[in-house]
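Engineer: Fit chain R to the supplied structure of chain L, relying on the hints for placement.
Line by line, the protein sequences give chains L and R.
Letter by letter, the first sequence follows residues 1 to 449 in the working numbering.
Letter by letter, the second sequence follows residues 1 to 177 in the working numbering.
No lab work stands behind these hints: they were computed from the structure.
Where hints are given, some of them may not hold.
Once the Cα atoms are required to be at most 20 Å apart in a straight line, the calculated DMTMM-like pairs of lysine to aspartate or glutamate come out as [what the hints assert, rightly or not]:
1. K59(R) with E91(L)
2. K345(L) with E68(R)
3. K345(L) with D66(R)
4. K67(R) with E342(L)
5. K57(L) with E165(R)
6. K67(R) with E343(L)
7. K345(L) with D78(R)
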Amino acid sequence: MVDVSKLINTKDGIQSRRIFHDQDIYDLEMERIFARCWLFLTHESLIPNAGDFITTKMGQDNVIVVRQQNGKVRAFVNSCSHRGARVCAAEAGNTRSFVCSYHGWAYGIDGSLQGVPLEKEVYNNQLDKFTHGLVEVALVDSFCGFIYGCFDSSAPSLREFLGEAAWYLEAWMGVPGGTELIGPPSRSMLYCNWKTPGENFIGDMYHVGWTHASSTQVLFPQSPLMALQGNASLPAPAEVMGLHFTSRGGHGAAITYGGRGGLYTTARENEMLAAWLAAQTPKVAERLGEVRAKLYNSAWDGTIFPNNSFLVGPNTFKVWLPRGPGAIEALTWTWVEKDMPEELKRIIARNMNQTFGTAGMLESEDADNMESMTQVNDGVVTRRGMLNAQMGLGREREDAVMPGIVSDAMINELSHRGFYRYYQEMLMADNWDELRASASNWKKSHLER
Amino acid sequence: MTKQNDAREVTREVRDEIERFLFREARLIDSEQEREWLQTMVDPEIKYQVFSRQLRYRKDTRGSGDKEVYFFDDNYADLAHRVELRETGMQWVADPPNRLRRIVGNIEGFEGERAGEYRVYSNCMVTRNRMVYEQMSYAYGRDDILRRGADGKLRLLQRVIDFEERFVRGKNLLFIL
Chain L
1 MVDVSKLINT KDGIQSRRIF HDQDIYDLEM ERIFARCWLF LTHESLIPNA GDFITTKMGQ
61 DNVIVVRQQN GKVRAFVNSC SHRGARVCAA EAGNTRSFVC SYHGWAYGID GSLQGVPLEK
121 EVYNNQLDKF THGLVEVALV DSFCGFIYGC FDSSAPSLRE FLGEAAWYLE AWMGVPGGTE
181 LIGPPSRSML YCNWKTPGEN FIGDMYHVGW THASSTQVLF PQSPLMALQG NASLPAPAEV
241 MGLHFTSRGG HGAAITYGGR GGLYTTAREN EMLAAWLAAQ TPKVAERLGE VRAKLYNSAW
301 DGTIFPNNSF LVGPNTFKVW LPRGPGAIEA LTWTWVEKDM PEELKRIIAR NMNQTFGTAG
361 MLESEDADNM ESMTQVNDGV VTRRGMLNAQ MGLGREREDA VMPGIVSDAM INELSHRGFY
421 RYYQEMLMAD NWDELRASAS NWKKSHLER
Chain R
1 MTKQNDAREV TREVRDEIER FLFREARLID SEQEREWLQT MVDPEIKYQV FSRQLRYRKD
61 TRGSGDKEVY FFDDNYADLA HRVELRETGM QWVADPPNRL RRIVGNIEGF EGERAGEYRV
121 YSNCMVTRNR MVYEQMSYAY GRDDILRRGA DGKLRLLQRV IDFEERFVRG KNLLFIL
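Okay, chain R solo, but in the shape it has when bound:
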């Protein structure tokens, strides 16, 4: 992930708007309102990716094969499937309900490559409680692009997460990161 150290930061007003967007998103996802999130905050052209890098030596550039595996490589329809699963009422893993709680911080906003787009970095810590005894925690950084739609509202156009925990002790990532 190339951080845009020299890129132009957004204005204070836009910064506030981005922060409100991320906080609202966190609240919707954590309170099982993913349908609302999908419909009001996600751009239909979304690219949503979470990947894991194979650990290789710094100097090693000759090794063969792909270096990453994609846990998520979703478009809008794929995300809709994930939301739809719970709505069937037969997704036993979500019943009794999982409880998610996330903290979003280290938010930085920059003018994007195209007008009306913002490049937004943030860090997330999520705790997932489920099934009486299970508590799992996840920490990751997001590299997002938000796009302002015709209605003037921001929507998530791209999210790329370079997931750092190579061996996922929290079993699975079956939630919106």
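Just chain L, same shape as in the assembly:
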């Protein structure tokens, strides 16, 4: 049995290396995190019509997400109730039914078993079709159009699960006019633990200047992030450049003030985005207030616990699907604002794929780090050690306006610590009631020195 209490020490900001290696920890993660948390499925914009569906995974469970005749979205495990073969082989499309390729059992888009070939002749009409529908994902809901699902019916609502992070996320997901994802996603294999990209995206601004030394120099000469290039000096104190937040549910981000623009490869493209932001900012301020209008104009790297990451600026949206302790499937979409001119949407998608897609110049730079920080722990001595996420320790605080716990330094590991604090809590808790019971105390215990 895994002793989870020894894996993470939030107070000192350290984590056991075993969390990137051990099979029994991974198995516990699947049971206690992936079978209990809200997980990203798709976006409203990708399945707008009745019968539109996509297939994806929640943890390692294959699911179909499909829009119903009444407009609601439901999700089902993609496995026939008969002998278990999958009932949908396509990634997306529009359908009236899902038919198992093995014997032809047919299910409606509501998951009900509708047709069984030769039912009268081979089952003598004794098969109870009513109890042989597809297994349904207990909860499906959307936040600003982003659809998430949860296998655990006792889980809090999606809004509660996002908690304080929702206030931040609205600054880019919930802007007037709304957002959409440009699909289909690219899909690629990385030989890393699923947490390594999540913790990178959740707020690791420290790596930008070093890992991406070549790409920041070549691609982003017009960006404020260029100032980080080479990790030699900071143009301003880190607290002037931005902030970090973490939240009860482990979600967090690093935010670089004013950094959203200048990340595209031509001056014209950057000017188009700048014009859009200038026109939108007053509307964002009106709906969400001046503070979030400032965040709207910032560059972000963030992770929604457990495995959903995003960037504001490059506008990438990612899911890291676990495939065992040492491998993931990375799914990558571009997100844009719905009301943007079509040309600007295409520009953003093109730039996103050039940087964070399958042939992405920055994506591949990150991948080597994520893989090596996973694979080195094959060594028994190596994985005895602990990992250090102490940057900014003791400088986190509560804020009158900003929810959660914040730190006035963009280069920081506050959100790493918050991610692993909640990770540990989820692994230790037997059920959601236990997690609810400790919720009111989380800030105090996180800030405790």
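Structural biologist: The following block gives chain R in isolation, referenced to the frame of chain L:
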């Protein structure tokens, strides 16, 4: 990709020239001479695209949204950026060097839609070795247009690759395909 089954095949001489072009290109890219490739073999008006199709049922024509995602949608300046990255000396993913080796085959050449242009199909198998333990392989078909410049030399004007491996096990496509 609509293959030009009825299109006019190029002459034997042009066929040889096209083959020499593709082989030289392969050698330059695989031996880290992408700058030379860019300067001597790529038309400044290049359109270089690699895309991946979402898997949908044959009969399904009603589904919503884009059906493809573009891994590359590059013009000359974009390709130049990719070449420039390694030249900075700070592209850690290329240091120690990656080793590429490709086989180009199934070459077919047809007269293009405009004078001095050729439509060229070829298949590629690439193996990428890197970082002691990594070996990845990629197979794909190219749909190219080569254009004869004022200097009489062929240059790559367009390359479109409908990349067939939907889930890319070789991690990324950070090389010239």
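Engineer: Hint by hint, say whether it matches the structure.
Structural biologist: Okay, the hints, checked on the actual structure:
Between the alpha carbons of K59(R) and E91(L) the distance comes to roughly 14 Å, so the proposed pair stays at or under 20 Å and holds. For the given pair, K345(L) sits about 15 Å from E68(R) by alpha-carbon distance, which is consistent with the 20 Å threshold. Using a Cα cut-off of 20 Å, the hinted pair K345(L) and D66(R) holds, with the two alpha carbons roughly 13 Å apart. Under the criterion of a C-alpha separation no larger than 20 Å, the hint pairing K67(R) with E342(L) is consistent with the structure, at around 17 Å.
Distance restraint check for K57(L) and E165(R): the Cα-Cα separation of roughly 19 Å lies within the 20 Å cut-off, and the hinted pair is therefore satisfied. Distance restraint check for K67(R) and E343(L): the Cα-Cα separation of roughly 18 Å lies within the 20 Å cut-off, and the hinted pair is therefore satisfied. Simply put, K345(L) and D78(R) have alpha-carbon atoms about 18 Å apart, close enough for the 20 Å limit, and the pair holds.
Violated hints: none; the structure is consistent with every hint.
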